[in-house]
Amino acid sequence: MPIDRRQFIVTTAALAASAALPRLAFAAPSLDDLYEAAKAEGEVTWYVVPMSSESAERAGAAFTAAYPGVKVNVVRSTAEVAFQRLNQDISTGVANCDVLTTSNIAHAMDLKSRDLLAIYTPIRKDEVFEEFRGIDPDDAYHVSVAGPMSIVYNTDKVTEVDAPKNWPDLLDPKWTDHVAIGHPGFSGYVGMWAVKMKELYGWDFFETLAEINPHIGRSSIDVVTTTASGETLVGAGPTASALISAAKGNPIAVIYPTDGTVVITSPSAILADAPHPNAARLFSEFLLGPEFAEVVAADFGNPIRPGVPLAAGVVPFDEMKVITATTDQMINGIPELAEEFRDTFGI
Amino acid sequence: MVDIAPTARARLTARALRIDWTLVLFAALSIVLVFLVVAPLTRLFTESLSDPKTGALTLGNFVDVVSRSRYLTAYWHTIQLAAATVALSLLFALPMAWAVSRTDMPGRGFFYFGVVGAFIMPPFLGAIGWILLAGPNAGWLNQIWTALTGLEDPLVDVFSLWGLAFVIALNVFPLIFIFATSALDLISSEMEEAAAIHGAGPLRTTWLVSLPLALPAILGAVMLVFLETIALYGTPALIAIPARFNVATTQLTTFFAYPAKIELAMAFSVPLVFVTIILLGAQRLLLRGGHVAVSGKGGSRQPMRIGRWRWLLLAHGAVVTVLAVVLPAAILVSTSFQTAWARPPTLSNLTLANYRDILFEQATVRDAMVNTVAFALSAATLCTVLGFAVAYAATRRLLPFAGVLSALAVAPVAVPGIVLAICFYAAYAGPPLSLYGSGAIVVLAFVTRFLPIAYVSCASGVRSLNPELEEAVLIHGGSRLRALVQVVAPVLKKSLFGVWILVFVICSRELSTAMFLTSHNNRVISILTLDLSEQGKYETLAAMGVVLLVVTSTVVAVGMRLIGRDFMLRKN
Chain A
1 MPIDRRQFIV TTAALAASAA LPRLAFAAPS LDDLYEAAKA EGEVTWYVVP
51 MSSESAERAG AAFTAAYPGV KVNVVRSTAE VAFQRLNQDI STGVANCDVL
101 TTSNIAHAMD LKSRDLLAIY TPIRKDEVFE EFRGIDPDDA YHVSVAGPMS
151 IVYNTDKVTE VDAPKNWPDL LDPKWTDHVA IGHPGFSGYV GMWAVKMKEL
201 YGWDFFETLA EINPHIGRSS IDVVTTTASG ETLVGAGPTA SALISAAKGN
251 PIAVIYPTDG TVVITSPSAI LADAPHPNAA RLFSEFLLGP EFAEVVAADF
301 GNPIRPGVPL AAGVVPFDEM KVITATTDQM INGIPELAEE FRDTFGI
Chain B
1001 MVDIAPTARA RLTARALRID WTLVLFAALS IVLVFLVVAP LTRLFTESLS
1051 DPKTGALTLG NFVDVVSRSR YLTAYWHTIQ LAAATVALSL LFALPMAWAV
1101 SRTDMPGRGF FYFGVVGAFI MPPFLGAIGW ILLAGPNAGW LNQIWTALTG
1151 LEDPLVDVFS LWGLAFVIAL NVFPLIFIFA TSALDLISSE MEEAAAIHGA
1201 GPLRTTWLVS LPLALPAILG AVMLVFLETI ALYGTPALIA IPARFNVATT
1251 QLTTFFAYPA KIELAMAFSV PLVFVTIILL GAQRLLLRGG HVAVSGKGGS
1301 RQPMRIGRWR WLLLAHGAVV TVLAVVLPAA ILVSTSFQTA WARPPTLSNL
1351 TLANYRDILF EQATVRDAMV NTVAFALSAA TLCTVLGFAV AYAATRRLLP
1401 FAGVLSALAV APVAVPGIVL AICFYAAYAG PPLSLYGSGA IVVLAFVTRF
1451 LPIAYVSCAS GVRSLNPELE EAVLIHGGSR LRALVQVVAP VLKKSLFGVW
1501 ILVFVICSRE LSTAMFLTSH NNRVISILTL DLSEQGKYET LAAMGVVLLV
1551 VTSTVVAVGM RLIGRDFMLR KN
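Chains A and B, in that order, are what the protein sequence lines are.
The opening position of the first sequence corresponds to residue 1 in our numbering, with each subsequent residue numbered one higher.
The opening position of the second sequence corresponds to residue 1001 in our numbering, with each subsequent residue numbered one higher.
A few of these clues could be false.
What the hints assert, rightly or not - Listed next, the in silico DSSO-like pairs over lysine-lysine satisfying Cα-Cα at most 27 Å (straight line):
(1) A:K165 <-> A:K248
(2) B:K1494 <-> B:K1261
(3) B:K1053 <-> A:K112
(4) A:K112 <-> A:K125
(5) B:K1261 <-> A:K112
(6) A:K125 <-> A:K157
Said to hold, decoys possible - Covered, in the sense of this in silico footprint (three residues per stretch, anywhere, with C-beta under 8 Å from a C-beta of chain B), are these stretches of chain A:
(7) 76 to 83
(8) 115 to 124
The set of hints was computed from the structure by calculation and includes no laboratory data.
These numbers were taken from a predicted model, which means no experiment stands behind them.
Even glycine gets a Cβ: it sits at the ideal position worked out from N, Cα and C.
The shape of chain B in the complex, shown without the other chains:
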């Protein structure tokens, strides 16, 4: 071994002197990356600092932002909303995570169904479902409440701060669930047993031992939920406007009314980006913190026996699943077959006309559905390939500045989707590229936006792979490219496919990134939903939503079949 190694290395060096096409390929990829990420993101700062008329350097846009009380109120509302959403998501996710991870509660597989379902449900569809359910006067829950109690005052009002936070929380709680379960899964039971031996009951043990150990992961997830909420546009557009609760994203879109104030929009976005960067930095520090007890899978793990408590936990998880998945999906399905959504689903109110309309008559809807699937397929493929290539190049240090590459690949995560959309608009819409209105601009935007997810997942895959496999190919005269295509990719194919599906699902429902990039040729379902919702066409919307849900659930079901149910839950 000692003798052979230098020879092998010499041969490797000799081969490296010939043109290594892999390196060329990777160099090209890094140029693509710079183009995709750096070009749009620098626009954010240059535009926010330039005078709308002269283009000269100015701080005037920022002065305009801080001197309008309505703009500042929008920030304040956003913070309130994000705090309320975090509180509700913790309430939904933590008991579920603990029950699944640490206890002998029955029906744990069912909880995954709830979590994956909540993840698949596009936020704007969940919002529409909840408008139908919890509209203060006509929502089904309130109608039933009034029928049962005779009270005119609504039981729940979706058009309020808490209503909005509730709907968002039902969509984002899976994030907290995933982080919390993965941390709790790593805690060895010995510590909990120690507490039990000293006389602590299950609750006290959890409070004193398990929770503190999982706390960094949970706090990290809390920050992600906070960030998701401040960046969300679809749900606020549907709920916050009738609720008269202006948030940062609804305020941002008003800058695009003619005459568009792009510079002001950029300046208004800068604080959102800074908040995101700070919170992401804090999250990294937390997750890196030296909590030895959760660092490995070494210790034995015994589910905690919690007796009667498990039924309570089961009920809690069931309620959350019903609220997040079953109720909205059911109301969407039933509405999609109705002539008039607020009337009881009696025979005379049932119809197939909504499906006939969207599938055969309204060309707009059909085109948008085709676009959605086509863009999601292309973006998922490109994103996976790019994410994998960058992850490989960075992890194996094939190029100088590998660290810069990986930083670039995750940089888009620091920019809220709707802000990213404005950057893409500024960078690509006009000359020289003039991509506005094309499918390419939407695909580019999706690829950039979701590159961090693809990169992080691929990087953990590559890291898990011993480099000896590739070196074997190189030693036997194979090229780096061959090693990549014939060894690395096949070994990682399950996780690559997992990434692909994940990105596909996210792209199929992405709204905020597509906001300012779509014209009539490249509209996607999410944008069309927003357009139709302003007319209150819930029956048509519901039918569209059901079709979208069928498509994405099929893809996810196939994925789970092929690569196991937890592929979507491994994102971090």
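One chain only, chain A, in its complex shape:
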């Protein structure tokens, strides 16, 4: 992207201003004011991980519908790829991304520790479920998607009775060549899930898994596709994607495991050098607001705010056994685990 002179002056001026001011949280006066300022910027670029590209595009369209005149550039990828691209952007001094929503909270923490995130206290901060509030005391990032990861199975070839009920059931030799997982070296969801499996059942879990020759995709969403196609019969995949696929007529269903559904909380953050800072703030409000919750609910997700009706077949958080990763597991566990995983599975 060529930087023209005006943009350069504006950017340097903004940098100078932000350097002069103490790092105070930017509290928006009102949504209307934000919208006016965002309209002048015209667009917002959203690096997004914990949704399929279709759902993410739908969310972008819903934002533009709610705030005409502000376009959303959706860049969907797995967590590691998003973080790699963002770091490439940063190390080359190119500011592309306004808002990052990632399934790996360690990435948000890392960016914050490098002073790369803007501090912003959303107006809608306290409208979400209590457990999703205030994950960062400094308001550098906020939970905007909470995605359950459960067992999925192919309903054409596996009966509900035979389907796995808990995670170790996936290791049954009867699933040899027919169990699907994602890769923690690419996917944030798989990273969290794998960290919990290692904690609950030790690394033996993965060594046993390696013996029954799993199909390893890159994204956790790939698990849903391969299972729906019958390429694999069972797997560990994101619940919402599986239910979307089932609603399209694919033979796939979800089991909420008895030993716990892994819920992955994905934070959103505004980049400190966001090229469209006001649109970014407005978009952050949108992620906490009712319109986004409706998009999430319509795509079989569990919205993070109350009062939004769930789609058929979606189990609310308070009716499932939830397990989540600790901060330490997220920061230190996943990188180490990804290496271990590569050694065990050879890829």
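With chain A fixed as given, assemble chain B onto it according to the hints.
Showing chain B alone in chain A's frame:
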């Protein structure tokens, strides 16, 4: 003549004393060339030898590479894969080449269709087609196999070493076909007839006479296939990861996970570059070897009568064409109209939604398609102009060090695409140029990567042209530039247009060079395909692929119309 020549030369010399803008232009071009080729390539060696933290000179990166068994396994897997791919491509290409070139087999034109089709099919689309066809449990071929035989074990498994090699071979066999046919075409039939007179049948004749004569060309092509395979990223990313078969290119990309280990990536790439240089050197020696019998078109050529064998050959070529073009294209087209790819294409499963999504709803896809076409157009144009200019300057020795110029123009061929991408990233992404995320960086990378193709084709065109034509312009007072624009370019316009189309097609599907250079603004279809494939969105991918195939096939069809069908087959 004898009298005039010195005068003319004197006038030429006199004119040369004035400022010759052509020379200035060519001097500028050579600076561009140095900038394009030397700057990124030196990065490879400087970075691989520098310490990630201090930047000091070190061999530590290489020590790190050889001390991790997973890295070494990746090299070993790459060699296995390349060997398997070579074996399969020979199996596909040689009988076809021999049949087309030396026999009276019917339907030879149809074979060109297969070869050109295999060439147009982007490797990542072929890979997706074959995942849909030969996935061990849900692939269509295996579903049909199970339905017919009742056996649960899959007939074919794309997620394996041989599956991967098979898919790659279906994409690269045209290289062997082209080299083998062009060598076989030059063998005079007299030698084969001599063998026949002495009682040898067609098979024995081919084995004893034709094949040995064409062997250097075939071996040269084998080396190219080997190199293509070790450098390929798209197909392994789609197939090798589920197959749990780590190869060098999939390993290379992991160095880019945060924190990026660029130095390690460079060190890991150096052996690949050396292997490439050695094999290319060997290939040149082979092709230069003194095989007198294939040196000219002098001898008469009679197609060999092979009787019933021709039906066998016809069947072989048809099978290869079906595997390489018809089946993948058909499965892509049918998938692009389906709601759920693994379900039978019944009425309730048919939809136009995938096309509606990519053409009207998903802005990402639309942008990537526009980018792809725009970048390919610009890169093809720049590459042809640059290739032609360098070829002309080097062939006519307009500048000192013409040999260096031509060596520079072909140097990028020695670097695998994905390694080149890392070099471009190191050279252009950051300050002072800060081109990361722009269209310019992708176009620059494409131009550099495909310059060797443009250069070699243009050089053979220029060499075929008698310099007297240009001298006539100079003698009559025209400038070198005028000679170039009004004489050389028009005479060579067909071959220049051929080069342009060739580069356009290759750019439109290039994945590895774009790997580390694209951000959200400058994504191309190939990169988007990789992004979408990680979610298994085969229906959308198929629709995108069909649109891409329609665009490139149209360009190729127009090209064949205008300049004859063999323009794409003349690359070497």
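How the hints compare with the structure:
For the proposed pair K165 of chain A and K248 of chain A, the alpha carbon gap of about 24 Å is at most 27 Å, so the pair holds. At roughly 46 Å between alpha-carbon atoms, K1494 of chain B and K1261 of chain B are farther apart than 27 Å, so this suggested pair is violated. With a C-alpha separation of about 22 Å, the suggested pair K1053 of chain B and K112 of chain A falls inside the 27 Å cut-off, and the hint holds. The suggested pairing of K112 of chain A with K125 of chain A holds, with an alpha-carbon distance near 19 Å, which does not exceed 27 Å.
Restraint check: the Cα-Cα separation between K1261 of chain B and K112 of chain A comes to about 21 Å, which is no more than 27 Å; the hinted pair holds. This hinted pair does not check out: K125 of chain A and K157 of chain A have alpha carbons roughly 45 Å apart, beyond 27 Å. Counting residues of the stretch 76 to 83 of chain A whose CB falls under 8 Å from any CB of chain B gives 6; the rule of at least 3 is met. Here the stretch 115 to 124 of chain A counts 0 residues with a CB under 8 Å from a CB of chain B, which misses the bar of 3, and the coverage is violated.
The structure does not agree with the numbered hints 2, 6, 8 stated previously, though it agrees with the rest.
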